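> Sequence:
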Amino acid sequence: VSGDAAGAVVVTRGDKSVVLAPPSGFEIQALAALSTDQIAIADALGHIWVFAGQTAVVSLASGIPARMLRPSPGGHLLLVVPYHGGKAAPMALVDLDRRAVTRLEGPQVWSARWVDGGREILSAHGDGTARLWSADGAPLRTYRGGPRFLAEADLAPGGALVVGGGGDGLLRFWDAATGKPLWTLAAHKTYVMGVHFDPSGDLVTRGTGGEVSRWRLPDPAAVIGAGKIGGVDVGP
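Numbering (our numbering), first residue to last: 1 to 236.
If you are wondering where the hints come from, they were derived from the structure by calculation, not from laboratory data.
One or more hints might be untrue.
[To be verified] Just the calculated beta-carbon pair ranges, DEER-fashion: (1) THR184 / ALA6: 25 to 31 Å; (2) GLY210 / ALA21: 34 to 40 Å; (3) THR184 / THR208: 14 to 20 Å; (4) ARG148 / VAL204: 43 to 49 Å; (5) PRO181 / VAL18: 47 to 53 Å; (6) PRO139 / GLY210: 41 to 47 Å; (7) GLY146 / SER213: 18 to 24 Å; (8) GLY63 / ASP97: 29 to 35 Å; (9) ALA222 / VAL10: 30 to 36 Å; (10) GLY210 / VAL18: 33 to 39 Å; (11) SER213 / THR36: 16 to 22 Å; (12) SER213 / SER59: 41 to 47 Å; (13) PRO199 / ARG99: 15 to 21 Å.
Since we're looking at a predicted model, the values are computed, not measured.
Cβ coordinates follow ideal geometry from the N, Cα and C atoms, glycine included.
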């Protein structure tokens, strides 16, 4: 699936292609496959459509120019991550079943993803924080980092750690349950622009210089537990 500046979307399956034409005619900003037969489309003015085949079955206005669309695992919720250049805009959470849009107000957003099997949202922000939200858009917890922007964050398998990286080249680790900073790790000489856990449980990071690193971390619960005596925190 691909979109262009003229407002058209081309869907190719095998050797056959069809062209979808959202009615606004504005530049296509982001696309997401919700299922094998449904595609979400966002244009430069914040209009969102869901096409089933060649028919638009959902049409609504989020009012937020999208940089990426992140569908929930079930496909009925759509997270709109705004373009982060210029004036900051909030994220939007679109309930496709109810045709409802909820704005997630906060600092400038660099990235966001569904975590914990789609039960929560984790976002990274220009003020150096990561933020955890419920699946319906309610703020749950803030993870405070350094003064530089945080480009991306992810939740470790098992849910014990939040890990993020950004403008200072460091990886930052937080206790996911309490928001407490645990430690930092020098990752890249350039900005850290990508952070995610792969299916094996390894952490993969990407720097702006084109370098990619894979990290094998100790068990998070054991490391966090090592910093406690009798259940009392003694520091990272």
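> Does each hint hold? Answer for all of them.
Now the hints, each set against the structure:
At roughly 46 Å, the beta carbons of THR184 and ALA6 sit outside the given window of 25 to 31 Å. Checking the proposed 34 to 40 Å range against GLY210 and ALA21 shows it holds: the Cβ atoms sit about 37 Å from each other. At roughly 18 Å, the beta carbons of THR184 and THR208 sit within the given window of 14 to 20 Å. A beta carbon spacing of about 21 Å between ARG148 and VAL204 contradicts the range 43 to 49 Å that was offered as a hint.
Taken as a hint, the range 47 to 53 Å holds for the pair PRO181 and VAL18, whose Cβ atoms sit roughly 50 Å apart. PRO139 and GLY210 have their C-beta atoms about 35 Å apart, which leaves the hinted 41 to 47 Å range violated. The given range of 18 to 24 Å is respected by GLY146 and SER213, whose C-beta atoms sit roughly 19 Å from each other. Judged by the Cβ atoms, the range 29 to 35 Å given for GLY63 and ASP97 is violated: they are separated by roughly 20 Å.
Separated by about 49 Å at the C-beta atoms, ALA222 and VAL10 break the suggested range of 30 to 36 Å. The hinted window of 33 to 39 Å between GLY210 and VAL18 holds, with their beta carbons roughly 36 Å apart. For the pair SER213 and THR36, the beta carbons lie near 34 Å from each other, so the given range of 16 to 22 Å is not met. Our hint of 41 to 47 Å for SER213 and SER59 holds, since their Cβ atoms are close to 43 Å apart.
Checked against the hint of 15 to 21 Å, the C-beta distance between PRO199 and ARG99 comes to roughly 34 Å, which is inconsistent with it.
Violated hints, in rising order: 1, 4, 6, 8, 9, 11 and 13; the structure is consistent with all others.
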